[in-house]
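S.K.: So you can see what is in the structure, the chains are spelled out below.
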Amino acid sequence: MELKKYNLFFLYQETYALTKRLFIQLKRRPSTLLAGILQPIIWLFLFGALFSKAPEGFLPGVDSYGNFLGAGLIVFTAFSGALNSGLPLMFDREFGFLNRLLVAPLTSRLSIVLSAFFYITILSFVQSIVIMIVSYVLGYGWPNLYGLGIVFTTLILLVLFVTSISLCLAFILPGHIELIALIFVINLPLLFASTALAPISFMPNWLGWLASLNPLTFAIEPIRTAYTQTIDLELVALYAPYGELTCKSCISILFYLTVLSLIIIRPLLNRKLN
Amino acid sequence: MSYIKVKELSKSYSNIQALKGLSMEIPAGTLFGILGPNGAGKSTLIKILATLIEPDSGEISINNINLITNSRQIRELIGYVAQDVALDKILTGRELLDFQSDLYHIKKNNKIERIETLINQLDMNDWIDRKCGTYSGGMKRRIDLASGLLHLPKVLILDEPTVGLDIESRNIIWQLLKDLRNDGMTVLLSSHYLDEIDKLADRLIIIDHGRVIAQGTPAQLKNKLGGDRITLKVREFSNQAESEKICEILSSIDGISQIIINKAQGYSINFVADKEKDLLSKLKVELAFSKFEIFSLTQSQPSLDDVYLQATGKTLLDAEISMAGKRDLKKESKQSMR
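Going down the list, the protein sequences come from chains Z and E. With the working numbering applied, the first sequence covers 1 to 274. With the working numbering applied, the second sequence covers 275 to 612.
A couple of the hints might just be wrong.
[Stated by the list, open to error] Simulated restraints, written as ranges between beta carbons of each label pair: (1) E:Ile595 x Z:Ile122: 49 to 57 Å; (2) Z:Ile122 x E:Ser410: 31 to 39 Å; (3) E:Lys281 x Z:Tyr256: 46 to 54 Å; (4) E:Asn394 x Z:Leu8: 30 to 38 Å; (5) Z:Lys248 x E:Lys382: 41 to 49 Å; (6) Z:Leu145 x E:Lys381: 56 to 64 Å; (7) E:Arg404 x Z:Leu235: 54 to 62 Å; (8) E:Lys281 x Z:Leu188: 33 to 41 Å.
Since the hints were made in silico from the structure, they are not lab data. In this text, all values refer to a predicted model and were calculated from it rather than measured experimentally. Don't be surprised by glycine CBs; every beta carbon is placed ideally from N, CA and C.
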């Protein structure tokens, strides 16, 4: 029992140290944080302006395009951050810093993974809150407390899901060039093949299918619901070609995808870290 | 009583066999040297001892704890200083040591005291609060060494710790290693620098192509060679037939032994001459009789290089040069990545 207590403390000590290192890096090189905030804000302005003269009722259930876009950009920001979370690990692998961690008597090497999760989750929250504030200032609304709960729960699930994939890629791929190339290939196509920029009803059939199977969509729709005044988890949030999904179903799918990804990457992480 | 035991250790990377049934025993409290040219298998052995890679076969234990099955326990006993110093360029030296202390679960109060002690011991006061990215090679080595010593390990494992260092940093590190050994720590040091191992090591093994080719104290190994080491050339660049003929002549002289043809050095002949006998004048006569003239003749006390030469037929430098063209360092680096 005593040993378990110490182990938990040691796990905390290791995870804290590893997370602190990532935040020191962020503090001294804040360009990633700033770019991660600026890019979606620029998009919010540009896309908001692009569709500002769209006719009333152009989009179902929202007053303006900016209102519609906000949820997509919050999800995209969190998604991009999580997708890049494997990069620090890849650099540690390449430059031999990972060996420094591996020769240390870590209570659990899970702390290496946990620190990446904590770091990206906190970073995504900070970036999302800034985007939400900017959206609010632009008049695109603010979710109530219940809505905020939905926003952050959805973001945690998405970050866990994508971070686990990114960490897995950081171990599988031979170097950072390949990882960055893959991130480039995945990032924007996944955004455009989701409901971030347009509802499924606007899309051709094949793209509608893609968007309704895209994990980003399962995160975007609950957050969009969170911005409505009357939040009901049982209301239909996604009109997919294969059927209608409620807000609750979207979050559940995201939850199962996250659990599944963690189960899938576990053997690889065990092999690489033990 | 051996503190570290290695038995029949083998390890290969795709088609390259880095270790071929290597065995060694290291007593507690010794400064133990692993000498060999680049590509001999030193780094692979060190990485296995540091629990970074697993061997394909063989047994290995530290303080009677099986390294392969109890690697976490072993990590508490060892400190590791890698060949390529990997520092986080963004952190300051002090932040790096603080970070490392947390990974070794050092308590907060002890941590500050321990970090200060190491900063003073390794003379890092002037630059410890600068970012690691600004450090010179010597500074990087010292901070890396301090990281390996934070938790007061029982065994310190160093892979080529003085490669490319300035004399000041090298001397600081050498002195520290001697002090640690005198304090009872077991220090395991790999190097391809003969003088480093000769001056520092209490005992050593010489590795070549993944095998131990000699082991003992530096004095034992050199004494085994007998008398003075002589290098003879009858021409600047000789050939196989000529050198074999000279070997025959040398073999017939009483008091000359361990004759080796060093192909890499223009077919020069290396041999050991008995100190008690005046062999050089006799040698001149015998060579003149067979119509050979002496182009050059050097006489020296036996060194560890001679031990290596005796076992392999080439000097460490020649072995390094011949390996340099064969190794794909980029590929090796990728293979050793987790």
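S.K.: All hints are to be evaluated individually against the structure, with a verdict given for each.
M.R.: Right, here's what the structure says about each hint:
1. The supplied range of 49 to 57 Å is met by Ile595 of chain E and Ile122 of chain Z, whose beta-carbon atoms lie about 53 Å from each other.
2. Remark: the range hint 31 to 39 Å for Ile122 of chain Z to Ser410 of chain E is upheld by a beta-carbon distance near 35 Å.
3. For the pair Lys281 of chain E and Tyr256 of chain Z, the supplied restraint of 46 to 54 Å holds, since their beta-carbon distance comes to about 49 Å.
4. Under the hint 30 to 38 Å, the C-beta atoms of Asn394 of chain E and Leu8 of chain Z, about 34 Å apart, fit the expected range.
5. Distance hint check: the CB atoms of Lys248 of chain Z and Lys382 of chain E are about 45 Å apart, consistent with the given range 41 to 49 Å.
6. A hinted range of 56 to 64 Å is violated for the C-beta pair Leu145 of chain Z and Lys381 of chain E, which are about 41 Å apart.
7. Checked against the hint of 54 to 62 Å, the pair Arg404 of chain E and Leu235 of chain Z passes, with Cβ atoms roughly 58 Å apart.
8. Between Lys281 of chain E and Leu188 of chain Z, the C-beta spacing of about 56 Å breaks the proposed range 33 to 41 Å.
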